[in-house]
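Asker: Residues in the sequence shown are numbered from 3 upward in steps of one, following the working numbering.
None of these hints come from the bench; they were simulated from the model.
Misleading hints may appear alongside valid ones.
Claimed, not checked - Pairs of lysine to any residue, SDA-like flavour, derived with a Cα cap of 25 Å: (1) K47 to I86; (2) K314 to K47; (3) K49 to E239; (4) K159 to A212; (5) K288 to G302.
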Amino acid sequence: MNWFNEMINNKRTEFMDYHDHLLLGRVFAEYQSMYSILTMNGEIKAKISGKFFHGVQTREDLPAVGDWVFLHSVDNETGLIENILPRQSKFSRKKAGIEADEQIIAANVDYLFIVSSLNDELNPRRLERYLLLCWDSGSNPVIVLSKSDTCDQVEEKKKMIENIAMGVPVLVTSTVEETGLEELKAFMKNGHTIALVGSSGVGKSTLLNALLGEQIQEVQQVREKDSKGKHTTTHREMFLTDEAFIIDTPGMRELQLWDGEKGLSTQFAEIEELASLCRYRDCSHKGEPGCHIQNSLENGELSHERFESYLKLQREIAFQKRKNDKRLESLERKKWKKQSKNIKNRP
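Please construct the entire structure, taking both the sequences and the accompanying hints into account.
Answerer: Written out as structure tokens, the structure reads:
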């Protein structure tokens, strides 16, 4: 815990102009309206204060796992969160359902371990979504191909994923054979924060237990017919290792984009570079002369599947942006209506 206490002291020095009389801690778990905060004094259960709640306008304003917070200690075991420190990164997606609302999966993450098992569920298009959201979050992606002991085409599948994740580490692991774990542990140093994300049943909890060296999370046996595991993690939770933080997250059935424009340019850099070489600046890539995209599709330099994925994500980002703009307009109207009401009610 010495390195954790040192980190808290450094954070307090960096933000000494905030609330010097309050405790500083990190959100380790979130349970609806209750949070588990780790401080120099140990673990504290906390809720957000009334003053904090009064200033909340969106879900983004609420604490998330990984956030650094200032809190007022009610007693040795409970407290009230008064403030959130600025986030260095946040991995988020659109909340499931029709509402245009953001769901922050984890905050202040240095490395995002995107876990996918080497079975029939391996989906390059889904991994592209994870990578896009990761680039957009400000974190560094690492693709972890798990359960290599159940696959006979490991190198072929690894190469397939490397082709869509240029420059991103793609690591193959097996907790049964205990392979690839040391490569992952190399990231777990210097107070880094790692988050495990992926679909249900890909082996995140089993991998977490292997990395921690103890049975922290409950796991269930995989099905023999497809080597697919069962959903076990029910909420986001952070764990402390000898030199780092590691966050386990529930499996995601839906992975809708929240923003994504920055991530799209990074994830599909080769497509945007080809588009910049087209003869016409407003080229639709549907048959205009001098279209480098069409030429690359015809000579096999660019795969049709990857280009279709790019177009689909581009349309989804544009649609979500329009919804977000309407949402912000609505929030701004509510904000001014609330302020006008408060002014009228003043004596």
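Asker: Each hint should be assessed against the structure and marked as holding or not.
Answerer: Now the hints, each set against the structure:
Restraint check for K47 and I86: satisfied, since their Cα atoms lie roughly 16 Å apart, inside the 25 Å limit. Restraint check for K314 and K47: not satisfied, since their Cα atoms lie roughly 43 Å apart, outside the 25 Å limit. Only pairs whose Cα atoms come within 25 Å are accepted, and K49 paired with E239 is accepted, the gap being roughly 16 Å. Between K159 and A212 the CA atoms are separated by roughly 23 Å; this keeps the pair inside 25 Å, and the hint holds.
Among the hinted pairs, K288 with G302 is consistent with the structure: their alpha-carbon atoms are about 16 Å apart, no more than 25 Å.
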